[in-house]
Amino acid sequence: MKNFLIKFGFIVALLVCIRPVSANVSLVVLGDSLSAGYGMAQSESWVGILQDRWQQQYPEITLINASISGDTTQGALNRLNGVIERHQPDAVFVELGGNDGLRGFTPASIQANLLKIIDQLQQHGATVALSQIRIPPNYGARYSALFANIFPTVAEAKDVPLVPFFMEQIIEDEGLMQNDGIHPNRQAQDQIATIMEPFLLELAGQ
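Sequential numbering from 0 applies to the sequence shown in numbering that gives the first Met the number 0.
Think of the hints as simulated: they come from the structure by calculation, not from any bench.
Ideal placement from N, C-alpha and C gives every residue a C-beta, glycine not left out.
Hints may contain errors.
Taking CB as the label site, the calculated pair distances span [as the list claims (entries may be wrong)]: (1) GLY38 x GLY74: 18 to 28 Å; (2) GLN56 x ALA111: 34 to 44 Å; (3) GLN41 x ASN77: 18 to 28 Å.
Here are the computed lysine to aspartate or glutamate pairs in the EDC-like style, where the Cα-Cα straight-line distance is at most 20 Å [claimed, not checked]: (4) LYS157 x ASP179; (5) LYS115 x ASP89; (6) LYS157 x GLU201; (7) LYS157 x ASP118; (8) LYS157 x ASP89; (9) LYS115 x GLU155; (10) LYS115 x ASP158.
Using the sequences and the hints given, assemble the complete structure.
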């Protein structure tokens with residue numbers, strides 16, 4: 000009986016010492032210049048800031064910035080196979096469509112590309128979240144409304160979360176914008192990282 004109690008106590012102590020270990024997660028940000036860090040080093044972008052922050056806080060998450068300045072939904076679709084093969088993502092945040100809108104591409108073509116991107120990612124087994132995107136009102140009320148409606152439509156069709164457009168909290172402050180009035184500056188990146196962190200952590204299963 001004494002030996003049994005000793006062994007039982009040892010097992011209980013061992014179980015108490017064991018901590019659950021989170022599985023490693025590869026999370027890719029698939030975006031354009033708003034996530035790539037236009038006008039600065041990619042390490043200075045909001046994604047780069049989260050990469051540095053999570054190395055200590057969430058080492059089980061590998062955050063990868065696969066964003067390219069100037070990219071369109073068609074461009075991202077064309078390179079998607081390479082992104083999947085290289086990074087084998089478990090989760091992907093899609094921040095695309097702004098350049099399509101600024102170039103006046105048809106809402107139907109943008110929507111079709113986003114649906115294909117998400118479908119391809121889901122077929123790979125990745126969890127996906129989609130960013131709402133908006134364009135300046137000078138493109139006309141009708142086009143702006145049609146454009147803005149693309150993203151909730153796609154999110155509902157593919158059953159993915161729709162993340163609020165982070166630029167809406169930035170663009171009203173001229174001190175956080177570059178001279179072009181479109182891209183956030185270095186001073187904005189910390190704020191964007193803070194805005195986006197809870198959404199990406201949830202996407203990564205944290």
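Going down the list of hints, with the structure as the test:
{"no.": "1", "hint": "GLY38 x GLY74: 18 to 28 Å", "in the structure": "holds, 19 Å"}
{"no.": "2", "hint": "GLN56 x ALA111: 34 to 44 Å", "in the structure": "holds, 38 Å"}
{"no.": "3", "hint": "GLN41 x ASN77: 18 to 28 Å", "in the structure": "holds, 21 Å"}
{"no.": "4", "hint": "LYS157 x ASP179", "in the structure": "violated, 34 Å"}
{"no.": "5", "hint": "LYS115 x ASP89", "in the structure": "holds, 18 Å"}
{"no.": "6", "hint": "LYS157 x GLU201", "in the structure": "holds, 18 Å"}
{"no.": "7", "hint": "LYS157 x ASP118", "in the structure": "holds, 8 Å"}
{"no.": "8", "hint": "LYS157 x ASP89", "in the structure": "holds, 17 Å"}
{"no.": "9", "hint": "LYS115 x GLU155", "in the structure": "holds, 14 Å"}
{"no.": "10", "hint": "LYS115 x ASP158", "in the structure": "holds, 14 Å"}
Checked against the numbered hints above, the structure breaks only hint 4 and satisfies the rest.
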